[in-house]
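Using the working numbering, the letters of the sequence shown correspond one by one to residues 1 to 154.
Take the hints with a grain of salt, since some may be wrong.
Estimated spans, in silico, between C-beta atoms of each pair [claimed, not checked]:
id : residue 1 : residue 2 : range
1  : A88       : L3        : 45 to 53 Å
2  : R122      : E30       : 31 to 39 Å
3  : T69       : L118      : 16 to 24 Å
If you are wondering where the hints come from, they were derived from the structure by calculation, not from laboratory data. Just so you know, even glycine gets a beta-carbon here, dropped at the ideal spot from N, CA and C.
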Amino acid sequence: MDLVKLIFTVEPFVEGSPGPHVLAGIAAVEAQGLPVQMGPFDNVAVGSDEAVVRAIAALVQHSLGAGATRLAIQVSKQGEEPTHLHGALDRLLDGVAREIGGPLDSLTREQRQRAVRLLDERGAFRMRRSVESVADALGVSRITVYNYLNLSRE
Numbered sequence: 001m002d003l004v005k006l007i008f009t010v011e012p013f014v015e016g017s018p019g020p021h022v023l024a025g026i027a028a029v030e031a032q033g034l035p036v037q038m039g040p041f042d043n044v045a046v047g048s049d050e051a052v053v054r055a056i057a058a059l060v061q062h063s064l065g066a067g068a069t070r071l072a073i074q075v076s077k078q079g080e081e082p083t084h085l086h087g088a089l090d091r092l093l094d095g096v097a098r099e100i101g102g103p104l105d106s107l108t109r110e111q112r113q114r115a116v117r118l119l120d121e122r123g124a125f126r127m128r129r130s131v132e133s134v135a136d137a138l139g140v141s142r143i144t145v146y147n148y149l150n151l152s153r154e
């Protein structure tokens, strides 16, 4: 039997203080027999494909019912990473730098906010560890990237 990894984030995101919408989602996944490892930015559960499918349905229902405004869900076979994404974030970062017209680490605050908005629109933040990579490229903290994301999604 192949194992499947479920990685999920429930928003709104408040660092260090999971809200009832996050706790409801985690409880729903665990009720399907999948223990959840809570992380600072996302949560991970591993199980059979049938269990993961049931867990996703419960996660969506219970998180939204408890006030979640957005769910990010990633599913992959255990131990496998999608090879077609290799280098995708770097290509997105390069494209945004060219579009804005300068190295990302020398942009003004407004330009950095625009860069984060463009990256979000292009799906950059659906990739694992992308917030950290974007923060490094922009020369800002992860929290700053999250703040820019919140501004661009309002």
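> Is it true that R122 and E30 lie within 31 to 39 Å of each other by Cβ?
Replying inline: holds, 34 Å
> Between T69 and L118, does the C-beta distance stay in 16 to 24 Å?
Replying inline: With a Cβ separation near 22 Å, T69 and L118 satisfy 16 to 24 Å, so the hint holds.
> In this structure, is the beta-carbon distance linking A88 and L3 contained in 45 to 53 Å?
Replying inline: violated, 25 Å
Hint check: a violation occurs at hint 1 only; the rest are consistent with the structure.
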